[in-house]
Amino acid sequence: MLEKKESQSPAPLLSGVRAPDFELHRTSDQSIALSDLHGKAVILAFYPADFSPVCGDQMALYNEILPEFKRLGAQLLGISVDGVWCHAAFTKDRNLHFPLLADFEPKGAVARKYGVYRQDDGTTERALFVIDPSGMIAWSYVSPVGINPGAEGILAALEGLASKQEGRK
Amino acid sequence: MKTEFPPRLRLPVSKRDHIRGKIDAPVTLVEYGDYECPYCGMANPVVDQIREEMGDTLRFVFRNFPLTEVHPHAEHAAEVAEAAGAHHRFWEMHDILYRHQRALEDPKLAEYAALVRVPPLAIERALTEHTYLERVREDFLSGVRSGVNGTPTFFVNGVRHDGSVDRENLLAAIAAAVRSTRDS
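These protein sequence lines map, in sequence, to chains U and P. One point on numbering: in the working numbering, the residue at position 148 of the first sequence is 148, and numbering is uninterrupted. One point on numbering: in the working numbering, the residue at position 63 of the second sequence is 63, and numbering is uninterrupted.
These are calculated hints, taken from the structure and not from any lab test.
Restraint ranges, calculated between C-beta atoms of paired labels, are given here:
# : chain 1 : residue 1 : chain 2 : residue 2 : range
1 : P       : 106       : U       : 17        : 49 to 57 Å
2 : P       : 48        : U       : 146       : 26 to 34 Å
3 : P       : 14        : U       : 36        : 43 to 51 Å
4 : U       : 106       : P       : 49        : 50 to 58 Å
5 : U       : 30        : P       : 26        : 54 to 62 Å
Bear in mind that the values here come from a model prediction, so they are computed numbers and not experimental data. From the three backbone atoms N, C-alpha and C, an ideal C-beta is built for every residue, glycine too.
I would like the entire structure built from these sequences, with the hints used as guidance.
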């Protein structure tokens with residue numbers, strides 16, 4: 001994938017590309033690196049902002065589906081440009097049981113790597129990436145910002161990975 | 001991996017479902033709902049009105065979609081509705097739950113069960129043994145797979161209704177479904 005200049009409209013990374021590694025804070029004293037999760041499928045859910053109505057619904061929905069994600073061997077990570085204290089308040093308010101990562105400083109750096117930073121708004125796209133256990137992007141989807149993309153695409157992608165694994169055995 | 005738009009109901013309506021109205025009605029309205037969700041509460045009288053206006057042309061199906069982390073009583077309410085269903089009192093319980101959305105604690109659920117003449121022991125067992133939890137979860141997952149992203153979500157003859165949930169919009173979607181059944 002060619003390096004994009006910041007001013008250009010983002011081109012989200014597509015399947016078949018290695019997922020760029022990153023390390024971000026989930027709380028003031030804890031970080032998560034993508035490479036820590038090597039060997040596990042990862043769902044990256046970029047969303048524009050904590051507490052904005054649609055994100056709330058989207059994250060609340062994923063929160064309820066965690067058992068299915070777990071059954072399919074995947075770790076869900078939410079990512080926005082909000083800081084750790086905002087994430088803490090949002091997590092508490094919605095009883096979220098998965099990590100929210102702060103793409104806060106330098107702002108949106110990870111979103112830029114994935115081609116989903118919205119320069120004009122200073123937030124990220126509402127974008128989903130399913131990363132396979134070897135670190136390759138298996139599926140990606142960018143939803144219109146105001147529309148909750150749901151979970152069907154993620155589940156179908158994870159099931160695709162699971163059947164591929166089966167096939168190799 | 002292409003997703004259909006608007007999404008379609010993946011789990012067809014069958015004997016497992018709670019159906020209100022004429023069983024072979026040409027139009028099926030399916031709702032995925034949460035008894036503690038205020039928007040579902042507002043939608044319930046709209047559904048009643050539409051059922052009345054459509055008469056034998058429409059059958060209505062309700063499936064559970066409790067967002068349990070946001071609505072702490074929603075799952076027990078759904079389980080109790082299913083328990084009432086096992087005693088042929090599903091819709092009576094359904095209506096009471098929607099009328100009392102702000103009072104869904106366990107003792108209240110037991111009171112409502114008594115009102116619709118479901119044995120208290122059946123409710124107690126449903127809540128301690130979670131007899132109907134699997135069924136509720138099956139409803140929930142069928143919704144997720146069908147493009148239910150929040151509540152309430154309606155499907156008219158299997159197609160997700162993306163318009164607003166009011167009488168005019170739902171009736172228009174139903175009228176369009178009737179026309180397309182007639183034409184095909």
